[in-house]
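K.L.:
Those sequence lines, one after another, are chains A and B.
Under the working numbering, the first residue of the first sequence carries the number 1, and numbering increases by one thereafter.
Under the working numbering, the first residue of the second sequence carries the number 399, and numbering increases by one thereafter.
These are computed hints drawn from the structure, not numbers from a lab.
Even for Gly, the Cβ is constructed at its ideal location relative to N, Cα and C.
Watch out, some of these pointers could steer you wrong.
[Stated by the list, open to error] Reference listing, derived: stretches of chain B covered by chain A, where coverage requires no fewer than 3 residues with Cβ under 8 Å from a Cβ of chain A:
hint, region
1, 492 to 506
2, 615 to 626
3, 649 to 657
4, 735 to 746
[As the list claims (entries may be wrong)] Restricting the straight-line Cα-Cα distance to at most 25 Å, the calculated cross-link-like pairs of lysine-lysine (PhoX-like) are:
hint, chain 1, residue 1, chain 2, residue 2
5, B, K524, B, K562
6, B, K402, A, K245
7, B, K621, A, K225
8, B, K408, A, K49
9, B, K618, A, K223
10, B, K408, B, K485
11, A, K87, B, K623
12, A, K10, A, K138
13, B, K485, A, K225
14, B, K499, B, K408
15, B, K562, B, K618
16, A, K10, B, K643
Single-letter residue listing:
Protein chains: 2
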Amino acid sequence: MSSKSFLPPKRTLMGPGPSDVSERVLQAMARPTIGHLDPAFVGMMDDMKRLLQYAFQTNNALTMPVSAPGSAGMETCFVNLLEPGDKAIVCQNGVFGGRMKENVERCGATAIMVEDDWGKVVDPNKVEAALKAHPDAKLVAFVHAETSTGAQSDAKTLVELAHKHDCLTIVDAVTSLGGTPVLVDEWGIDAIYSGTQKCLSAPPGLSPVSFSERALDVIKQRKHKVQSWFLDLTLVMGYWGGGAKRAYHHTAPINSLYALHEALLMLEEEGLENAWQRHAQHHQALRAGLEAMGFNFVVAEQDRLPQLNAIYIPDGVDDAAVRSTLLQQHNLEIGAGLGALAGKVWRIGLMGSSCSMWHVEYCLTALDKVLSEMGARIKSGVAVDSAKAAFEQLKKAS
Amino acid sequence: MSSKSFLPPKRTLMGPGPSDVSERVLQAMARPTIGHLDPAFVGMMDDMKRLLQYAFQTNNALTMPVSAPGSAGMETCFVNLLEPGDKAIVCQNGVFGGRMKENVERCGATAIMVEDDWGKVVDPNKVEAALKAHPDAKLVAFVHAETSTGAQSDAKTLVELAHKHDCLTIVDAVTSLGGTPVLVDEWGIDAIYSGTQKCLSAPPGLSPVSFSERALDVIKQRKHKVQSWFLDLTLVMGYWGGGAKRAYHHTAPINSLYALHEALLMLEEEGLENAWQRHAQHHQALRAGLEAMGFNFVVAEQDRLPQLNAIYIPDGVDDAAVRSTLLQQHNLEIGAGLGALAGKVWRIGLMGSSCSMWHVEYCLTALDKVLSEMGARIKSGVAVDSAKAAFEQLKKAS
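Full structure from sequences and hints, please.
P.N.:
As C-alpha cells, then:
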C-alpha cells in the first residue's frame with residue numbers, strides 16, 4: 001500500500017461544526033512555525049488574550065485558549081474547580097450536559113442532575129429547587145447553547161440563581177461564542193469554555209476559556225492537586241499568565257494559535273453585535289425557507305439558537321441516504337441527530353463563515369433537490385424565495 | 399489598541415522543538431477544513447494509522463495521535479494504565495521523568511523513583527533493584543530520549559527488565575521518534591507517546607501514541623473509570639478504533655492532522671533507516687564543529703542523542719544575551735537549559751527538517767560570530783571546516 005498526500009474535497013460545512021474556515025484563516029495557519037517561547041510569539045499571545053476577552057466580553061485576567069478541543073476545555077473547568085467529595089448541580093437537556101456529569105464523577109465529586117427534555121431549555125425553577133435541596137453544592141454547570149438540539153438556555157438567570165445560593169457556575173459556550181450574546185462579566189459567569197470550530201470559524205483543536213477572580217480564588221485554595229497535570233491551571237498560568245517571562249509548561253500548538261488569532265481578529269473587525277445580528281438574520285431566512293418546505297423545528301421559537309437549526313426529518317425519509325447524497329453530490333455537510341435525537345433530526349449550522357445568504361440558498365436548494373429526487377413529500381421550489389423575502393424584510397427593518 | 403494579523407518572523411529552529419516545518423507540511427495544513435466524520439477524512443485517518451505504525455515500527459492496532467501536545471500523550475498513558483493504589487517505578491534523569499512522577503501521583507498511585515544524574519542515562523541496575531524491592535509494581539516508566547539533557551537510555555534493556563518482573567512499560571519517545579530507532583514491537587514496549595514538533599517536523603499540538611495488546615487488556619480490566627474523560631481510550635477508540643463506523647467522541651483537530659499526515663508521508667518517502675542515518679551523520683558534523691570551537695558535551699559520547707546536542711556554556715558567557723542575539727540578529731533559535739541545567743547549557747536541536755548541513759553550518763557560523771563579538775574565549779573560524787570534513791568522511795564511509 002502506498003500513501004499519497006491527502007487532498008480533502010472542498011465541502012460546504014453546515015453541520016454542528018466545524019464550520020467553513022476562510023482562506024484568510026487557513027493562510028494564517030500556514031505561516032512559519034516559530035518557538036513557543038519566542039518573544040514574537042509571546043507578543044501574539046498577549047494580543048490573543050485581549051481578543052478573547054473581547055469575544056467573551058470580560059476583563060478576566062485568566063482568559064486563554066486551552067491547547068486541545070472543546071472537550072478538554074470542559075474538563076479544564078471541572079478538574080480545576082472540583083475536588084473529591086464536592087457536589088455539583090449539573091443541568092442536562094442534551095448530549096453535553098451528560099458529558100458534564102461524566103466530568104463531575106471522574107473528579108470524585110457527586111453530580112446532582114437537573115434534567116429537561118432534549119430540545120427544551122434548562123428550567124430555572126428546577127435549578128432553584130435543586131439549589132434549595134442541596135445547600136452544600138459547590139457549583140452549577142449548564143450548557144448555554146446545546147449543540148445537540150439547538151436550544152439556548154437563559155444563562156443570565158441561571159447564573160444569578162447559582163450566585164444567590166453561593167454557588168460557582170460553569171458554562172458551556174462552545175456553540176454560542178461569537179454567534180449569540182455571551183456576556184461573561186455582565187452575567188457574572190465564573191468559568192466558561194468554548195470551541196474554535198463553531199461561530200469563530202477557526203479549525204478545531206483549541207478551547208478558549210475564561211475564569212473569574214472568584215473561580216481563581218477557589219482554585220488557589222484547593223486541598224488536592226488538580227488530577228490532570230496537562231490541564232492544571234496553576235501550572236498553565238505560568239505560561240499564559242502574562243508578563244514577559246513565560247515559563248515552559250507544554251509546547252503550545254503554535255500554528256493553530258495563528259489561525260485562532262486571525263479568526264478573532266475577523267470577529268473584532270466585524271464587531272460582536274454585528275456578528276450576532278448576522279446570525280440572527282440568516283437564521284430567520286433559513287427558517288423561512290425550511291418552514292416553506294414544510295419542516296418543523298425541534299426547539300420552540302423563543303429558545304432557538306440562530307446558529308444551530310435542528311429540524312425533524314420528514315416521515316419516511318432515509319436520514320443517512322439524504323446526508324450522504326448531500327455530501328457526495330453537493331459537497332454539503334449537514335449534521336445528524338445525536339443521542340436521543342439520532343435518526344430523528346438534522347442539524348443545520350449557520351456558524352461564523354458558514355453564515356451567509358449564499359449558504360442559506362445553497363443549503364435550501366440542495367436539500368430541496370435531494371429530497372425531491374427521493375420522492376419525499378415536501379413543498380418543493382419555494383424555499384429560496386421565502387428565505388430571500390424574509391431576509392430582505394429584516395434588512396429593511398434593521 | 400488595534401490588532402493586526404500576526405506575521406511571524408521566519409526563524410531557523412534549532413532548539414529542543416518545534417523544529418523547522420517544511421512548506422510542504424505547512425501547505426498541507428492550510429487545505430480546506432472538512433468534517434471529522436466525513437468519509438474522506440475517515441479514509442485519511444486509516445492511512446495516518448498505518449503511517450504511525452511504520453514510524454513506531456509496530457503492528458499495534460491502538461496507534462493514533464492524541465488530539466493535544468506531547469504532555470497530553472504522556473497523561474494518556476498514565477491515566478489509562480494506572481488506577482488509585484497502584485505502584486509505578488519511574489526513572490528520572492531529567493525534567494520529563496519528574497513530569498511522569500507528577501502524573502503517577504495525580505492518578506492516586508505511588509511513584510517509586512529511580513534517579514540518575516541529569517545528563518546520564520537510566521541505570522538498568524538501579525531499575526532492577528527497584529523491581530526486586532517492589533514486586534507489586536504495575537509498570538516501569540522511563541524517558542527514552544531526555545529532551546532536557548540529550549541522553550538516550552537503553553529502551554530495549556529496560557523493557558526486558560520490566561517484563562522479566564511482570565511489569566508494563568511506558569516510554570517517552572517525544573524526541574526520539576523519527577530521529578533514532580524506536581522499535582516498539584521488537585523491544586516489546588507496552589505504551590509509548592511522542593510529539594509532532596521534534597523529528598517529525600510537523601507543527602506542535604498532537605501526540606502520537608501506541609499501546610500493545612497487553613496494555614489494552616489492562617485498560618479493559620480497569621476497576622475505576624479513567625479519570626480523564628477527554629483522554630479515556632475506551633471512548634477515544636470509538637472514533638480512532640478503525641472500521642467505517644466512527645463514533646463521535648470529540649472534534650478532532652482536522653488541519654493539524656493534515657499536517658501530521660504529510661510529515662509522516664515525508665518520513666516514509668525518506669525511509670526510517672535513512673532518517674536515522676541522516677540524524678547520526680549531521681550530529682557528527684555538528685559535534686566536530688562544536689568541539690573544534692572548544693565546546694564540551696553534557697552527555698557521554700555513547701549515550702548522546704544525535705538530534706539534541708546539550709553543550710556547556712563557556713565560563714563568563716551571558717547565556718540569555720547570546721540566545722537573544724542569535725534570535726534577533728540571525729533569526730536562529732537554540733534551546734536554553736531546563737531545570738537543574740538552566741543557565742549552564744545550551745541545547746542545539748538537529749531534528750527532522752532542521753537536520754541538514756545547511757543548518758549545521760548556519761548554526762556554527764552564527765554561534766561563532768556572536769560569541770566572538772562578545773569576546774568569549776572560543777576557537778573562532780574553525781568550526782564550519784571541521785564540520786564539513788567530518789561530514790565528508792562519514793559520507794564516504796557510508
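K.L.:
So, for every hint listed, does it hold in this structure?
P.N.:
Right, here's what the structure says about each hint:
Figure legend: the region 492 to 506 of chain B, annotated as covered by chain A; annotation consistent (6 residues with Cβ-Cβ distances under 8 Å, at least 3 required). Remark: the region 615 to 626 of chain B is confirmed as covered by chain A, as 4 of its residues place a Cβ nearer than 8 Å to a Cβ of that chain, reaching the required three. Note: the region 649 to 657 of chain B has 8 residues with beta-carbon separation from chain A under 8 Å; the three-residue rule is met and the coverage holds. With 1 residues having a Cβ less than 8 Å from any Cβ of chain A, the region 735 to 746 of chain B misses the three-residue criterion, and the hint is violated.
Pair hint K524/B plus K562/B holds up; C-alpha atoms about 15 Å apart against a cutoff of 25 Å. Distance hint between K402/B and K245/A is fulfilled; the C-alpha atoms sit about 23 Å from each other, no more than 25 Å. Distance hint between K621/B and K225/A is fulfilled; the C-alpha atoms sit about 22 Å from each other, no more than 25 Å. Straight-line distance between C-alpha atoms of K408/B and K49/A comes to about 23 Å, which keeps the hinted pair within the 25 Å bound.
For the proposed pair K618/B and K223/A, the alpha carbon gap of about 31 Å is over 25 Å, so the pair is violated. Annotation: proposed proximity of K408/B to K485/B is violated, straight-line Cα distance about 46 Å (limit 25 Å). Restraint check: the Cα-Cα separation between K87/A and K623/B comes to about 19 Å, which is no more than 25 Å; the hinted pair holds. With a CA separation close to 46 Å, the supplied pair K10/A and K138/A exceeds the 25 Å bound.
Between K485/B and K225/A, the direct Cα distance comes to roughly 19 Å. Compliance with the 25 Å bound is thereby established for this hinted pair. This hinted pair does not check out: K499/B and K408/B have alpha carbons roughly 37 Å apart, beyond 25 Å. The suggested pairing of K562/B with K618/B holds, with an alpha-carbon distance near 23 Å, which does not exceed 25 Å. Of the pairs offered as hints, the one joining K10/A and K643/B holds, with about 22 Å between alpha carbons and a cut-off of 25 Å not exceeded.
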